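Undergrad: Model the full assembly from the supplied sequences, consistent with the hints where possible.
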Amino acid sequence: MVSGDFVVKNEVMNDGGSIHIYFSEKYNEFVAFGFSAFQAMKTLKANEIELRQKYSVEFQMPMVIISKWQLEKIKNGSVALQGTIEGKYYHLQSFIMMNEEAYDAWAEFMRT
Numbered sequence: 001m002v003s004g005d006f007v008v009k010n011e012v013m014n015d016g017g018s019i020h021i022y023f024s025e026k027y028n029e030f031v032a033f034g035f036s037a038f039q040a041m042k043t044l045k046a047n048e049i050e051l052r053q054k055y056s057v058e059f060q061m062p063m064v065i066i067s068k069w070q071l072e073k074i075k076n077g078s079v080a081l082q083g084t085i086e087g088k089y090y091h092l093q094s095f096i097m098m099n100e101e102a103y104d105a106w107a108e109f110m111r112t
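Taken in order, the sequence shown gives residues 1 to 112; the numbers are from the numbering used here.
It is worth saying that the hints were derived from the structure and are not from the lab. Source: prediction; values computed, not measured. Certain hints may be false.
[Unchecked claim] The following label-pair restraints were derived from C-beta to C-beta distances: (1) E86 to T112: 30 to 38 Å; (2) T84 to V8: 17 to 25 Å; (3) A46 to G83: 16 to 24 Å; (4) K68 to A105: 29 to 37 Å; (5) V12 to Q53: 18 to 26 Å; (6) E25 to Y55: 13 to 21 Å; (7) E25 to A102: 12 to 20 Å; (8) N76 to T112: 15 to 23 Å; (9) E86 to K26: 18 to 26 Å.
[Said to hold, decoys possible] Heads up, simulated DSS-like pairs for lysine-lysine below, C-alpha to C-alpha not over 27 Å straight-line: (10) K9 to K26; (11) K45 to K73; (12) K88 to K68; (13) K75 to K9; (14) K26 to K73; (15) K26 to K45; (16) K75 to K54; (17) K88 to K42; (18) K26 to K75; (19) K88 to K26.
Positions of the beta carbon are idealized from the N, C-alpha and C atoms, including for glycine.
TA: Pasting the structure below:
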């Protein structure tokens with residue numbers, strides 16, 4: 001995976017308009033954290049992309065896991081790809097407004 005600092009920086013700067021997806025050696029699949037994970041659930045599920053929810057102890061925030069197969073569907077689908085480090089990192093645009101209250105409730109639920 002790209003560095004932890006890169007992940008944290010992306011999520012701290014994320015206003016909900018981005019979905020940052022990273023390849024994780026730990027899971028051997030792709031993951032998204034924090035606001036990216038929340039927006040991925042709303043944006044990608046609407047496009048019939050399957051996600052698994054989990055809480056990351058390492059980053060102290062909720063996460064979703066996206067299979068390699070599902071990532072191929074994303075890359076070939078209707079979600080706007082903004083940038084990439086091929087095979088390691090993908091930056092997607094989210095067109096759904098961020099609801100911070102709903103995120104906070106989801107994050108609290110995932111933490112417990």
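Undergrad: Take the hints in turn and mark each one as holding or not.
TA: Going down the list of hints, with the structure as the test:
Taking the beta carbon of each, E86 and T112 are about 37 Å apart, inside 30 to 38 Å as hinted. Taking 17 to 25 Å as the suggested C-beta distance range, the pair T84 and V8 conforms, at roughly 20 Å. Between A46 and G83 the beta carbon distance is about 22 Å. The supplied range of 16 to 24 Å therefore holds. A hinted range of 29 to 37 Å holds for the C-beta pair K68 and A105, which are about 30 Å apart.
Look at V12 against Q53: about 21 Å separates their beta carbons, and that is inside 18 to 26 Å. As the Cβ distance of E25 to Y55 is approximately 19 Å, the hint placing it in 13 to 21 Å holds. Range check, E25 to A102: Cβ separation about 31 Å, and the 12 to 20 Å hint is violated. Between N76 and T112 the C-beta distance comes to about 36 Å, which lies outside the given range of 15 to 23 Å.
Under the hint 18 to 26 Å, the C-beta atoms of E86 and K26, about 20 Å apart, fit the expected range. Straight-line distance between C-alpha atoms of K9 and K26 comes to about 20 Å, which keeps the hinted pair within the 27 Å bound. Taking the CA atoms of K45 and K73, the gap is about 12 Å. The hint holds against a cut of 27 Å. Distance restraint check for K88 and K68: the Cα-Cα separation of roughly 11 Å lies within the 27 Å cut-off, and the hinted pair is therefore satisfied.
Among the hinted pairs, K75 with K9 is consistent with the structure: their alpha-carbon atoms are about 24 Å apart, no more than 27 Å. With a CA separation close to 22 Å, the supplied pair K26 and K73 stays within the 27 Å bound. Distance check on the hinted pair: K26 and K45 sit about 24 Å apart at the alpha-carbon level, within 27 Å; holds. Between the alpha carbons of K75 and K54 the distance comes to roughly 23 Å, so the proposed pair stays at or under 27 Å and holds.
With a C-alpha separation of about 22 Å, the suggested pair K88 and K42 falls inside the 27 Å cut-off, and the hint holds. With a C-alpha separation of about 22 Å, the suggested pairing of K26 with K75 holds against the 27 Å cut-off. Restraint check for K88 and K26: satisfied, since their Cα atoms lie roughly 13 Å apart, inside the 27 Å limit.
Of the numbered hints listed earlier, those contradicted by the structure are 7 and 8.
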